[in-house]
Amino acid sequence: MLNISQSKSDTALTVALEGRLDTTTAPQLESELKGALDGVTDLTLDLTALEYVSSAGLRVILSAQKIMNAQGKMKLTGVSEAVMEIFEVTGFADILTIE
Amino acid sequence: MNFDISIVSLINILFIAAGIGVCGLCFLQITSSRHIRKEVRNYFQLFFVLITLYISTHLVREIMNGIPGAGVRVTLQIVTFVELAVAGLMAQTMSVLVAAVAKREQNIKPVWIMLLCVLGVHLVILIASLPFGFVYYFDADNVYHRGAGYLLSNLCPIIMLAVDTYLLIKYRKNFTGLTRVAFWNYLVAPLVAVAIQAFFYGVQLIIFATVGATVFMFGVILKDQNAKYEKQQQESSRIETELTLASNIQADMVPNIYPAFPDRDEFDIYATMDPAKEVGGDFYDFFLIDSDHLCMVMADVSGKGVPAALFMMASKIILANNAMIGKSPAQILTDTNDAICSNNREEMFVTVWLGILEISTGKLTAANAGHEYPVVKHAGGKFEIFKDKHGFVIGGMAGAKYKEYEMTLEPGARLFLYTDGVPEATNGNNELFGMDRVLGALNENVDAGTVEMLKTVRRSVDEFVKEAEQFDDLTMLGFEYKGVKQ
Chain Y
1 MLNISQSKSD
11 TALTVALEGR
21 LDTTTAPQLE
31 SELKGALDGV
41 TDLTLDLTAL
51 EYVSSAGLRV
61 ILSAQKIMNA
71 QGKMKLTGVS
81 EAVMEIFEVT
91 GFADILTIE
Chain F
1 MNFDISIVSL
11 INILFIAAGI
21 GVCGLCFLQI
31 TSSRHIRKEV
41 RNYFQLFFVL
51 ITLYISTHLV
61 REIMNGIPGA
71 GVRVTLQIVT
81 FVELAVAGLM
91 AQTMSVLVAA
101 VAKREQNIKP
111 VWIMLLCVLG
121 VHLVILIASL
131 PFGFVYYFDA
141 DNVYHRGAGY
151 LLSNLCPIIM
161 LAVDTYLLIK
171 YRKNFTGLTR
181 VAFWNYLVAP
191 LVAVAIQAFF
201 YGVQLIIFAT
211 VGATVFMFGV
221 ILKDQNAKYE
231 KQQQESSRIE
241 TELTLASNIQ
251 ADMVPNIYPA
261 FPDRDEFDIY
271 ATMDPAKEVG
281 GDFYDFFLID
291 SDHLCMVMAD
301 VSGKGVPAAL
311 FMMASKIILA
321 NNAMIGKSPA
331 QILTDTNDAI
341 CSNNREEMFV
351 TVWLGILEIS
361 TGKLTAANAG
371 HEYPVVKHAG
381 GKFEIFKDKH
391 GFVIGGMAGA
401 KYKEYEMTLE
411 PGARLFLYTD
421 GVPEATNGNN
431 ELFGMDRVLG
441 ALNENVDAGT
451 VEMLKTVRRS
461 VDEFVKEAEQ
471 FDDLTMLGFE
481 YKGVKQ
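As they're listed, the protein sequences go chains Y and F.
Numbering follows our numbering, with no gaps: position 33 of the first sequence is 33.
Numbering follows our numbering, with no gaps: position 22 of the second sequence is 22.
Please keep in mind that the hints were generated in silico from the structure rather than gathered at the bench.
Errors might be hidden in some of the hints.
Examples of chain F residues toward chain Y, derived with CB under 8 Å [what the hints assert, rightly or not]:
id : residue
1  : Trp184
2  : Asp300
3  : Gly303
4  : Glu358
5  : Ile359
6  : Ala369
Which stretches of chain Y does chain F cover? Using the computed rule of at least three CB atoms under 8 Å from a CB of chain F, they are [unchecked claim]:
id : stretch
7  : 2-16
8  : 28-40
9  : 67-78
The calculated SDA-like cross-link candidates involving lysine to any residue, where the alpha carbons are at most 25 Å apart (straight line), are [as the list claims (entries may be wrong)]:
id : chain 1 : residue 1 : chain 2 : residue 2
10 : Y       : Lys73     : F       : Asn344
11 : Y       : Lys73     : Y       : Asp94
12 : Y       : Lys66     : F       : Thr456
13 : Y       : Lys73     : F       : Met397
Because the structure is a prediction, the values reported are computed rather than measured.
Glycine residues also receive a C-beta, built at the ideal position from the N, C-alpha and C atoms.
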């Protein structure tokens, strides 16, 4: 289960994720972001309510990071300890901006 | 009460009675047909109910027509009203059925909305005309007569039949040959019947034609949908066969014959791979680079199933090729990353732990590209997580650099490598197995051989997960360093 909520002001987009970002739910986030990132220069992923990220979820976060590298910046907020550990183990902590 | 039935009425009654029987049978058949799409099934059910209602009311009117009595009069009024109202609904159901069979579900809603409007008008006309006998009336002897505005009662069926015709023409390509014939037959047959029955006044050929055309349409569509279902079954069994073959090929891509190195007594190695689906993205690998260097790999591709399996094959081969030419672990990962990043449209990535052991000295050089921490047991110690330096996942970013580290294994030392499927095995309460339980299982017997190490962990995972479905691939590798005998 993954709930995705977006809030946009001008070119800043905040996407809040709630639940699990895994093989079954990652395609959902991928397709939501696909259309939503046009013209966005400031992307914030709010992971406060995110319990778990699998490798399929990391792939979508990485894709978003690559798109934002080209058109602006991206940051992650509210990263829990469990999710942070996944970012650290996979080396994502080095390439993501985590606040 | 004296029934006096003419031959014509008798024929009509027989037609109608047979029609009710046939529609009832068809209703039962469609209800028990599991291979037909749900919406098609539901619209056919509705269709048969309406036809039965239509011809039943017609039958009642046919029988009671002209029989005197106040009760008969009320009954006649009711059944005639229902009959005319249902006639409109039938044409409508035909429209949604056409749309459903043509797989144009988005058209079903507008058709319904349109119907409700037309049906509303239809009912208003019927109700409003009741007191005046504008559409139809019963004379003093309870004999049915068409009124001056009889044609108005056909407004709804005619509009909806026009919609049917439009849909049939617009989506003609969505129907197979016979289905198209059956639909057109349904539209045309009643008209032909009306034309013919003009010469045999009184015989209701239209009932015969409507029921006949409907049953024909039903038979054709049922046959068609069954054929589609069988085709799907064939397709899915073909895919199943292919996946089984793919699964065997994948299992044989990694070393899986043990003992792996029967003539080497300096070490022992054992690994298992258990994909959650037929094929998976996890893999392990081990091979001798030369007589003194053993390379060990544990890796996990993002995602699952066939895409992960294809990416796994490429990653495994590139890693092994880089390792076999004598590069260091960090260099192997760096070069593999660049090779994969050069053409990675799907943005897949793979986490890799790769170590090269100098067999004669026990010196292990390893590098980690975003993979789980290895578990190490030094001689005389317990199994512990070794928090090594982590680089970024392979395939994630071109130009990523990897660092390697060294450790020395004494005789008696053991390594346990795994993918996240092990600590993240989940039980029915959504609890994760966790690394503490992995270590607990391994430390049950710190001197266990490699096969037993993996069996103990697997048993522990199974006891924890119980009936819950295996969600992720489970891959483990156990290594025991025995050292060089003097």
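request  = Using Cβ atoms only, decide whether tryptophan 184 (chain F) comes closer than 8 Å to chain Y, and label the hint accordingly.
outcome  = Status violated, d = 41 Å.
key: glycine 303 (chain F) as chain Y interface residue, shortest Cβ-Cβ below 8 Å   = 5 Å, holds
message = Given alanine 369 (chain F) as an interface hint, is its Cβ closer than 8 Å to any Cβ of chain Y?
response = It holds, given that the least Cβ distance between alanine 369 (chain F) and chain Y is near 7 Å, below 8 Å.
query = Do the alpha carbons of lysine 66 (chain Y) and threonine 456 (chain F) lie within 25 Å of each other, as the hint requires?
reply = Violated - the C-alpha atoms of threonine 456 (chain F) and lysine 66 (chain Y) are around 42 Å apart, more than 25 Å.
inquiry  = Hint check: lysine 73 (chain Y) vs methionine 397 (chain F), CA-CA at most 25 Å. Holds or violated?
reply    = 17 Å, holds
ask   = With a cut-off of 8 Å between beta carbons, are at least three residues of the stretch 28-40 of chain Y near chain F?
value = Violated: only 0 residues of the stretch 28-40 of chain Y have a Cβ under 8 Å from chain F.
ask   = Any CB of chain Y closer than 8 Å to the CB of aspartate 300 (chain F)?
value = 6 Å, holds
query = Taking a Cβ-Cβ distance under 8 Å as contact, does the stretch 2-16 of chain Y have three or more residues in contact with chain F?
reply = violated (count 0)
message = Does the closest beta carbon of chain Y sit nearer than 8 Å to the beta carbon of glutamate 358 (chain F)?
response = At about 26 Å, which exceeds the 8 Å cut-off, the nearest Cβ of chain Y leaves the hint on glutamate 358 (chain F) violated.
request  = Under 8 Å, Cβ to Cβ, is where isoleucine 359 (chain F) needs to be relative to chain Y, so tell me if that hint holds or is violated.
outcome  = Nearest chain Y Cβ about 29 Å off; hint violated.
query = Are 3 or more residues of the stretch 67-78 of chain Y near chain F, judged by a Cβ distance of less than 8 Å?
reply = violated (count 0)
ask   = Is it true that the CA of lysine 73 (chain Y) sits at most 25 Å from the CA of aspartate 94 (chain Y)?
value = 15 Å, holds
Violation of the numbered hints given earlier is confined to hints 1, 4, 5, 7, 8, 9 and 12; the remaining hints are satisfied by the structure.
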